[in-house]
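Trainee: As a plain string of letters, each chain reads:
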Amino acid sequence: MRTVRAAAAIALASALTAVAGCGGGSSSGGGGSNESPKTLTYWASNQGPSIEADKKILTPELKKFEKETGIKVKLEVVPWADLLNRILAATTSGQGPDVLNIGNTWSASLQATGALLPWDQKNFDAIGGRDRFVDSAVASAGAEGQDPSAVPLYSLAYALYYNKKMFADAGISQPPATWDQLIADGRKISKDGKWALGAEGANLSNNIHQVFALGKQHGADFFDKAGKPTFTSDGAVAAVKQYIDFMAKDKIIAPGNAEYAQNQSLQDFAKGKTAMVLWQAAASTFASQGMKPEDWGVAPVPVPSGTPGTGQNLNSMVAGINIAVFNNTKNIDGAKKFVKFMTSDAEQKLLNKTYGSVPPVKAAQEDPAFSASDVKVLRDTLATSAAPLPQVANESQFETTVGTAVKGLFADAAAGKPVTTESVKAALTKAQQQMAQ
Amino acid sequence: MTVIVTPSSGHKAGDTEKTDGGGARGRRLPRIPDRIRQGGLPYLLLLPAVVLELLIHLIPMVIGIWVSFRQLTQFFIRNWGNSPFAGFDNYKIAIDFDAPIGQALLHSFLVTCAFTVLSVGLSWLFGVTAAIMLQENFRGRSVLRTIFLVPYALPVYAAVITWAFMFQHDNGLINHVLYDQLGLTDRPSFWLIGNNSFIALVVVSLWKSWPFAFLMLMAALQNIPRDLYEAASIDGAGIWQQIRTITLPSLRPVNQVLVLVLFLWTFNDFNTPYVLFGKSAPEAADLISIHIYQSSFVTWNFGSGSAMSVLLLLFLLLVTAVYLFLTSRGRKGSDV
Amino acid sequence: MSRPRSPIAPPRSFIWTRRVVLTALAAFALLPVYVMVSSSLKPLQDVSGKFQWFPTNLTIRPYFDIWKTVPLAKYFVNSLIVAGSATVLSVVIAVFAAYAVSRYRFRGKRVFTVTVLSTQMFPGILFLLPLFLIFVNIGNSTGVELYGSRGGLILTYLTFSLPFSIWMLIGYFDSIPRELDEAAMVDGCGPIRALFRVVVPAAVPGIVAVAVYAFMTAWGEVLFASVMTNDATRTLAVGLQGYATQNDVYWNQIMAASLVVSVPVVVGFLLLQRYLVAGLTAGAVK
Numbered sequence: 001m002r003t004v005r006a007a008a009a010i011a012l013a014s015a016l017t018a019v020a021g022c023g024g025g026s027s028s029g030g031g032g033s034n035e036s037p038k039t040l041t042y043w044a045s046n047q048g049p050s051i052e053a054d055k056k057i058l059t060p061e062l063k064k065f066e067k068e069t070g071i072k073v074k075l076e077v078v079p080w081a082d083l084l085n086r087i088l089a090a091t092t093s094g095q096g097p098d099v100l101n102i103g104n105t106w107s108a109s110l111q112a113t114g115a116l117l118p119w120d121q122k123n124f125d126a127i128g129g130r131d132r133f134v135d136s137a138v139a140s141a142g143a144e145g146q147d148p149s150a151v152p153l154y155s156l157a158y159a160l161y162y163n164k165k166m167f168a169d170a171g172i173s174q175p176p177a178t179w180d181q182l183i184a185d186g187r188k189i190s191k192d193g194k195w196a197l198g199a200e201g202a203n204l205s206n207n208i209h210q211v212f213a214l215g216k217q218h219g220a221d222f223f224d225k226a227g228k229p230t231f232t233s234d235g236a237v238a239a240v241k242q243y244i245d246f247m248a249k250d251k252i253i254a255p256g257n258a259e260y261a262q263n264q265s266l267q268d269f270a271k272g273k274t275a276m277v278l279w280q281a282a283a284s285t286f287a288s289q290g291m292k293p294e295d296w297g298v299a300p301v302p303v304p305s306g307t308p309g310t311g312q313n314l315n316s317m318v319a320g321i322n323i324a325v326f327n328n329t330k331n332i333d334g335a336k337k338f339v340k341f342m343t344s345d346a347e348q349k350l351l352n353k354t355y356g357s358v359p360p361v362k363a364a365q366e367d368p369a370f371s372a373s374d375v376k377v378l379r380d381t382l383a384t385s386a387a388p389l390p391q392v393a394n395e396s397q398f399e400t401t402v403g404t405a406v407k408g409l410f411a412d413a414a415a416g417k418p419v420t421t422e423s424v425k426a427a428l429t430k431a432q433q434q435m436a437q
Numbered sequence: 001m002t003v004i005v006t007p008s009s010g011h012k013a014g015d016t017e018k019t020d021g022g023g024a025r026g027r028r029l030p031r032i033p034d035r036i037r038q039g040g041l042p043y044l045l046l047l048p049a050v051v052l053e054l055l056i057h058l059i060p061m062v063i064g065i066w067v068s069f070r071q072l073t074q075f076f077i078r079n080w081g082n083s084p085f086a087g088f089d090n091y092k093i094a095i096d097f098d099a100p101i102g103q104a105l106l107h108s109f110l111v112t113c114a115f116t117v118l119s120v121g122l123s124w125l126f127g128v129t130a131a132i133m134l135q136e137n138f139r140g141r142s143v144l145r146t147i148f149l150v151p152y153a154l155p156v157y158a159a160v161i162t163w164a165f166m167f168q169h170d171n172g173l174i175n176h177v178l179y180d181q182l183g184l185t186d187r188p189s190f191w192l193i194g195n196n197s198f199i200a201l202v203v204v205s206l207w208k209s210w211p212f213a214f215l216m217l218m219a220a221l222q223n224i225p226r227d228l229y230e231a232a233s234i235d236g237a238g239i240w241q242q243i244r245t246i247t248l249p250s251l252r253p254v255n256q257v258l259v260l261v262l263f264l265w266t267f268n269d270f271n272t273p274y275v276l277f278g279k280s281a282p283e284a285a286d287l288i289s290i291h292i293y294q295s296s297f298v299t300w301n302f303g304s305g306s307a308m309s310v311l312l313l314l315f316l317l318l319v320t321a322v323y324l325f326l327t328s329r330g331r332k333g334s335d336v
Numbered sequence: 001m002s003r004p005r006s007p008i009a010p011p012r013s014f015i016w017t018r019r020v021v022l023t024a025l026a027a028f029a030l031l032p033v034y035v036m037v038s039s040s041l042k043p044l045q046d047v048s049g050k051f052q053w054f055p056t057n058l059t060i061r062p063y064f065d066i067w068k069t070v071p072l073a074k075y076f077v078n079s080l081i082v083a084g085s086a087t088v089l090s091v092v093i094a095v096f097a098a099y100a101v102s103r104y105r106f107r108g109k110r111v112f113t114v115t116v117l118s119t120q121m122f123p124g125i126l127f128l129l130p131l132f133l134i135f136v137n138i139g140n141s142t143g144v145e146l147y148g149s150r151g152g153l154i155l156t157y158l159t160f161s162l163p164f165s166i167w168m169l170i171g172y173f174d175s176i177p178r179e180l181d182e183a184a185m186v187d188g189c190g191p192i193r194a195l196f197r198v199v200v201p202a203a204v205p206g207i208v209a210v211a212v213y214a215f216m217t218a219w220g221e222v223l224f225a226s227v228m229t230n231d232a233t234r235t236l237a238v239g240l241q242g243y244a245t246q247n248d249v250y251w252n253q254i255m256a257a258s259l260v261v262s263v264p265v266v267v268g269f270l271l272l273q274r275y276l277v278a279g280l281t282a283g284a285v286k
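Protein chains in written order, with this note's numbering: chain A, 1 to 437; chain B, 1 to 336; chain C, 1 to 286.
Everything labelled a hint here was simulated from the structure, so no lab data went into it.
Note that the Cβ used here is the ideal one computed from N, Cα and C, for glycine as well.
Possibly wrong hints are sitting among the right ones.
When the alpha-carbon atoms are kept at most 35 Å apart in a straight line, the in silico DSBU-like pairs for lysine-lysine are as follows [stated by the list, open to error]:
| hint | chain 1 | residue 1 | chain 2 | residue 2 |
| --- | --- | --- | --- | --- |
| 1 | A | K164 | A | K38 |
| 2 | C | K68 | A | K38 |
| 3 | A | K64 | C | K74 |
| 4 | A | K55 | B | K279 |
| 5 | C | K109 | A | K271 |
Covered stretches of chain A (in silico footprint by chain B; criterion: 3 or more residues with CB under 8 Å from a CB of chain B, positions within the stretch not fixed) [what the hints assert, rightly or not]:
| hint | stretch |
| --- | --- |
| 6 | 248 to 261 |
| 7 | 387 to 398 |
| 8 | 423 to 435 |
Bound-form chain A, shown alone:
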């Protein structure tokens, strides 16, 4: 027994030392130092067709930066599956990169940890000022009323991609502008093994993006002003039901889509199995699937009536990637210089062109490349009819609970179980209750 107690005591003591000594982040709450001014570590997200492709795209740019400033940037492209956990581990321990890409929907969550450098007036001035950026993009970089935790890097929005030939075959001349038209067109297309619309029913983030925009159209936010979840409001229930009904009632989404989570809907589209997808910047994927640019068209995501705009005519979330500086950096000045470099007009044009995204920097948007038809739709949507996802600290919980609810409802619909207002409300009620922790 003595041994047990001794072992327990040793374990406890060492554990407490470990916890007490773990203030990796606490030592430099003020925002970094300049201990190692000659190097930077940069975690990039996977934007291109593969990790290797990203390295090839970014390395020459980093070389340029090194030439300009003498700072060597160590690049690591972190796969999406690992990125958030890597950031989490870095936050916990204080051991992380100097500069990193984050999905813009994570901005508020990460902001709450205090791990990222806040972009106040002074910091923004160091990279050319806040006015250089599109407003909606900056709004997606942190909670309202606080200094953003990151700077927009690549922006995206949702658009309706449609297969021109399938439309022509069904005798449809125009892409649908309202949901009613979409359903009517969809019914014409959905037969003989062909389907009108694709969905990623098991992809939680995608589900959230779709129901968020639909929610806006029903006048629903998923959070109130105080940041409390309001998943069960009539508008939210109607939005989720409308999305599920595309499969359950309108039968314009193939049941198989309920299990899609790895962009299978894009493959179906490229193969001519489905005629439409709601997606952000799908051009490069279509090309890699063997589609020619003239095979497909792009239109704004439909709205209830009229044309896309603000309020109930919003039709997209502000999607995109932000670039952030890790508070524990040992090269704070270099890190800011690097952000300045990455958000410079020249780099913005070049990188966004390569990735098929829209520059969040106004001046860079002037480039004619961003007026090509597909990117233009994305750009206009961003400028006029997109809103950021709720910038709340527990955004990831929102994605998980509501995303899972939508996934479950899709599974019901696919299995032929009825989806009613009550069942949608019940699923959302459960999701909301799980937020209560």
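Once you've looked at the hints, dock chains B and C against the given chain A.
Mentor: Then chains B and C, alone, in the frame of chain A:
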């Protein structure tokens, strides 16, 4: 028949330990320097194992227990020491089975229990069957042995993603066979969402773990002295009888450990459901490991996730204690 | 060594049962492997379409593309180093510990065995962050970089396989008669020499089985590797996920890469097989 003594190797080891232990001590007693050396030696031999276990397992476990009493959310993730003390709040939420969080945990726990029992039971059954059937030499034996070990040699990610590929609704092999070719189902089934996901999970887990049971049991079979079989067959015992009276009892000590670790691993298995279903498992296949992952990593609420883990630890400790008590009865000799 | 078990040939019923059961098991084991092989020989278009038992458009391109999409060779070497080192260390440490438990009576023995087992009961994911903290703190205070290095991963994995290895080896060692090492000691061997001269050779099948287990544990682990490695030290288990990118899942390349990296492991298994079944213990009893 009745002459067949069935000394399992476990019994035998136990017996020798008992008698020899005393005998050895008796023999060694007069040689004092020897005794002193042996006094410290076992600890020295254990030292590396103890240090590593302490570092990698025990300290993190103790930290985990500490965290379970804390309100460790993303606001305090940078400095754990500052997280507010939560008392038993995390536990209260976890075991309040009337509220949604507790309910979900209970559901997940029950799913995990059913899953574990099925997967371990079948893995053992497949493993022992294959091991016994390959015990004797025949043509093709070593080829089969290799084939059986193949699932074990594939990286988990590769294997599970292949199963996910096969279980697809529209394009998967399983539906192709069941629906297109055999016509066993009225329409293609969903395997990765909905209730069938439980079956898919069991199949993948079984496929992944039975080769391990096979490997361990096959090695154990090598320890059975051949004269036992020879004696038995001279006494006229047939092959089924030999399996029943010699082989199976001989496997007992290995089984004891094997079933226990299979149980613990399967219960805590994270890789399989994670690769098969992604970050959110369907309700029917919501294993506790994924559930806890969601309650901590996805939502960054580590206090709550840790409390659930501690509850799980207590449950597994209890099960293990009962299991060891039941399986060790009657063979105390070999026990420590 | 592998002479027939009994002088009487087994009855037909047994042989037929054996044929049926073994065929079924082999089919079950190989089905995904077949899918891997056939899918790895299809162009991406076909793989992501309706399943076909036989590829209509055969191609070996995926086997060339895999090296370009992901630095597969580097990941493979990393995995080999990590899993190999973890295996060797784990087996050596486990042999020592199991020998102590099997052959000696000492205070704390029960505590040790039970504690070691209890580490298998805590969900692994909850170790992740504390362990990460510990590694970083060790790095800060001693300068030994465990986070992001192969060393940290080796340490982690060897500890993962250690508990089971120790338990399993205790079982194997217990079944080796004590007279053997006693006799060696009477001949003038110290306990350590007795261990290596007598016990270890007699326990080869068990040790090899445990080594295989330790290797596979390290070879396949996903979660810890995903957080604890970086670009330079990433292992295969994580690296293979690189074929599922933002835009596309390169199914054919996943399958091709999985096969390519598994071949050396399967070959290794083949080479080890004869040790697994050598039955040295059984021989030594006589």
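Trainee: Are any of the numbered hints broken by this structure? If so, which, sorted upward?
Mentor: When the structure is compared with the hints, numbers 1, 5 turn out to be violated.
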